[in-house]
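Protein chains: 2
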Amino acid sequence: MKAVGVVVEYNPFHNGHYYHIKQSKNKTGADVVIAVMSGHFLQRGEPALVDKWHRAKMALLSGVDIVIELPYVFATSKAETFANGAIQLLSAMNCETFAFGSEDGNIEPFQNTFLLLQEFRTEYNELIKQFMSSGNSYPKSLFEAYEQLKQKKPQLYIDLSQPNNILGYHYIEAVHTLKSSIKPVTIQRVQAGYHDDIKLDSSIASATGIRKALFESSSLNEITQYVPKTTYDQLVQWQSTYHQFVNWEAFWPLLRFTITRYVPKDLTQFADVSEGIEYALVKYAKISDTFTDFMNHIKSKRYTWTRLQRMLTHIFTGITKEQLHQFHSPSYIRLLGMTGKGQQYLSEGKKDFHLPLISRVAQTKDLLLQMDIRATEIYTQGIQLFSSNKIDGDFQTPPIRI
Amino acid sequence: MKAVGVVVEYNPFHNGHYYHIKQSKNKTGADVVIAVMSGHFLQRGEPALVDKWHRAKMALLSGVDIVIELPYVFATSKAETFANGAIQLLSAMNCETFAFGSEDGNIEPFQNTFLLLQEFRTEYNELIKQFMSSGNSYPKSLFEAYEQLKQKKPQLYIDLSQPNNILGYHYIEAVHTLKSSIKPVTIQRVQAGYHDDIKLDSSIASATGIRKALFESSSLNEITQYVPKTTYDQLVQWQSTYHQFVNWEAFWPLLRFTITRYVPKDLTQFADVSEGIEYALVKYAKISDTFTDFMNHIKSKRYTWTRLQRMLTHIFTGITKEQLHQFHSPSYIRLLGMTGKGQQYLSEGKKDFHLPLISRVAQTKDLLLQMDIRATEIYTQGIQLFSSNKIDGDFQTPPIRI
Numbered sequence: 021m022k023a024v025g026v027v028v029e030y031n032p033f034h035n036g037h038y039y040h041i042k043q044s045k046n047k048t049g050a051d052v053v054i055a056v057m058s059g060h061f062l063q064r065g066e067p068a069l070v071d072k073w074h075r076a077k078m079a080l081l082s083g084v085d086i087v088i089e090l091p092y093v094f095a096t097s098k099a100e101t102f103a104n105g106a107i108q109l110l111s112a113m114n115c116e117t118f119a120f121g122s123e124d125g126n127i128e129p130f131q132n133t134f135l136l137l138q139e140f141r142t143e144y145n146e147l148i149k150q151f152m153s154s155g156n157s158y159p160k161s162l163f164e165a166y167e168q169l170k171q172k173k174p175q176l177y178i179d180l181s182q183p184n185n186i187l188g189y190h191y192i193e194a195v196h197t198l199k200s201s202i203k204p205v206t207i208q209r210v211q212a213g214y215h216d217d218i219k220l221d222s223s224i225a226s227a228t229g230i231r232k233a234l235f236e237s238s239s240l241n242e243i244t245q246y247v248p249k250t251t252y253d254q255l256v257q258w259q260s261t262y263h264q265f266v267n268w269e270a271f272w273p274l275l276r277f278t279i280t281r282y283v284p285k286d287l288t289q290f291a292d293v294s295e296g297i298e299y300a301l302v303k304y305a306k307i308s309d310t311f312t313d314f315m316n317h318i319k320s321k322r323y324t325w326t327r328l329q330r331m332l333t334h335i336f337t338g339i340t341k342e343q344l345h346q347f348h349s350p351s352y353i354r355l356l357g358m359t360g361k362g363q364q365y366l367s368e369g370k371k372d373f374h375l376p377l378i379s380r381v382a383q384t385k386d387l388l389l390q391m392d393i394r395a396t397e398i399y400t401q402g403i404q405l406f407s408s409n410k411i412d413g414d415f416q417t418p419p420i421r422i
Numbered sequence: 021m022k023a024v025g026v027v028v029e030y031n032p033f034h035n036g037h038y039y040h041i042k043q044s045k046n047k048t049g050a051d052v053v054i055a056v057m058s059g060h061f062l063q064r065g066e067p068a069l070v071d072k073w074h075r076a077k078m079a080l081l082s083g084v085d086i087v088i089e090l091p092y093v094f095a096t097s098k099a100e101t102f103a104n105g106a107i108q109l110l111s112a113m114n115c116e117t118f119a120f121g122s123e124d125g126n127i128e129p130f131q132n133t134f135l136l137l138q139e140f141r142t143e144y145n146e147l148i149k150q151f152m153s154s155g156n157s158y159p160k161s162l163f164e165a166y167e168q169l170k171q172k173k174p175q176l177y178i179d180l181s182q183p184n185n186i187l188g189y190h191y192i193e194a195v196h197t198l199k200s201s202i203k204p205v206t207i208q209r210v211q212a213g214y215h216d217d218i219k220l221d222s223s224i225a226s227a228t229g230i231r232k233a234l235f236e237s238s239s240l241n242e243i244t245q246y247v248p249k250t251t252y253d254q255l256v257q258w259q260s261t262y263h264q265f266v267n268w269e270a271f272w273p274l275l276r277f278t279i280t281r282y283v284p285k286d287l288t289q290f291a292d293v294s295e296g297i298e299y300a301l302v303k304y305a306k307i308s309d310t311f312t313d314f315m316n317h318i319k320s321k322r323y324t325w326t327r328l329q330r331m332l333t334h335i336f337t338g339i340t341k342e343q344l345h346q347f348h349s350p351s352y353i354r355l356l357g358m359t360g361k362g363q364q365y366l367s368e369g370k371k372d373f374h375l376p377l378i379s380r381v382a383q384t385k386d387l388l389l390q391m392d393i394r395a396t397e398i399y400t401q402g403i404q405l406f407s408s409n410k411i412d413g414d415f416q417t418p419p420i421r422i
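Going down the list, the protein sequences come from chains A and B. In case it helps, my numbering puts the first sequence at residues 21 to 422. In case it helps, my numbering puts the second sequence at residues 21 to 422.
Chain A with its partners taken away, still in its complex shape (with noise of 0.2 Å):
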């Protein structure tokens, strides 16, 4: 059997989703899908809309055959170590392809820049360095160097200024980096608005706009044309248990009582909280009574906002610094679910797997698993604010079947 992998947050998981897994499988002739998807924080520094086994359903549900955990030290981190962790767990699941989605569904500029910064990597610097001295910010001097540098070999090249574009570059240089045999392919997005052939009167929204009109809707309905009928009856199944969707705006209670319980100095253990932001974090939070009210308070053009929501992912869960960056691989396969084929896959396969497959998590002394353990730990009492109704933890939760 063959299988094709896609990385992937689900959050949730939304027509656009339902045509890249299409699309992977017809571009690549794959028989399964494997998703490698973030657990219960995401890569903006967010806790997860629902958490990772509804998640994992939708997936399942809607074409999926294999749903894997990205360990949270990967899934909380910057593209690099984001699409580094996610490419090594899918070459040791043995996939032959991976497909990621871009723009225009083109593979070779993605492969040509990444071939031009490896072969001009000391020039490249030199003209950083040239444009910054000359009084350009860092993001203009990396634009102008990159430019100046495309000149040197004429052809199709990626625009580094847009994020998927750098995430699938991060991709195509661990792909590189790894050694890994997996070929990477890539499937043209389909656009908001766009009717696809799936489903006559379907159509495509961004996970953003979602959860923007979850948030601010008290209905479903809205949302109903944009996700597969399978999504839609998770996202009801998640509103009538525990009552609302999760954001920081509903965690903000417990986060900011765990940051004004720290001294501002405690605060700088956690991945880049450093430079007295730490002062800023303890000070806002005392006095804000919405995580809207605390970030328009942080917020400064030193720090993205994703930045700031990184720190306050690590925060949250007590995950330090040095907790976070002792790891540059994953040590294991950490099953979420699986459909009837996707099992097949496994059991043929997982004699050849280069990591263990954990099916079911017991007390561990895997120190990047626990920090997954914790994560969960920590979402679900954040759920607990709003619902009597409990997430069963990670120890108690088996592999979903489809």
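Quick caveat, the hints were computed from the structure, so don't treat them as lab data.
Which copy? The list can't say, so a pair holds if one copy fits it or any two copies do.
Below, computed lysine-lysine pairings styled on DSS-like, alpha-carbon distance capped at 27 Å:
#  : residue 1 : residue 2
1  : Lys-303   : Lys-341
2  : Lys-149   : Lys-98
3  : Lys-285   : Lys-341
4  : Lys-341   : Lys-306
5  : Lys-385   : Lys-303
6  : Lys-361   : Lys-203
7  : Lys-385   : Lys-285
8  : Lys-410   : Lys-303
9  : Lys-22    : Lys-203
10 : Lys-410   : Lys-319
11 : Lys-303   : Lys-319
12 : Lys-385   : Lys-306
13 : Lys-321   : Lys-98
14 : Lys-22    : Lys-371
15 : Lys-203   : Lys-45
All values reported here derive from a predicted model rather than from experimental measurement.
Starting from the structure of chain A, add chain B where the hints point.
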């Protein structure tokens, strides 16, 4: 003007307290009553039913003239430290007398016990050792040693197995140790069910009984006969503003979150957390849905309920053993409220006070005061779990004037 001091928690103020105030003035001939009152966390290691300003107001409306805050370090400590801190504050304010409650209203047995133990300290310790080496438990050995020591000088002594007597003993000890000129007197407690002369149909219930009624009944009507009308009004006002009264159960989501974010060994930075209890705290916090569940899991012969609750208080506020144990004396007199007569006492007397009087709290370098402010911040965030109405903190709240 002459002042009599009392040491109180007023959780909440009730008819027994009213009687104690009245008798204290009668017995000492004092013009004003100064109450040293615990802030938001109490000696049994619990958060107070309502905030310190509501409790101060109850007192001022029922015969107390000045309410001073007993700093967190003393208010949440064992009887010896609690008593010592309180007596230092009352002495610093030049109280002539100090009145505490006791079962028989006679100061002699307290003085006798103190002098006996002082005179025969060596023999007492020797006797304890002997009883222990004959296989008796420590509490049993203490009891037997004391019984035997009393034979040396037959006169009236207190029963040291009564917690209230232990507190009284430490007041007397503090007066001696501190060489304070304050004169201790004791007022006989009125029993539950006792009908005093204050109001024909009023009756006495313990603060514990009143709290129990408040938590078990949704109506305040049950307690009307046990508290002055002014207390009742304050409780009604609290309930209509903040929806519920405070106990550990109400704060459990935050307390549990706090505990579970620690790895066990880091909990040993807090007073009394040692010998493995740190593992039980983290383990059972994770699986307990309520504070009661949690306490049932962690209680054992080794730890009294109060000792466990004090640990939890310090874990909750994040105040470490090291921070707690560096203070042996209050460094300020924190005014929570006063009547007109109280204000007159302060105006006339404050130049002779031995400590600075703080009416308005500002940012401070005083570590003892920082802990009081922190305790308020933490308590306030607990309230916001169930109410969107905020308590003004220490910086915003001026002393109450009646």
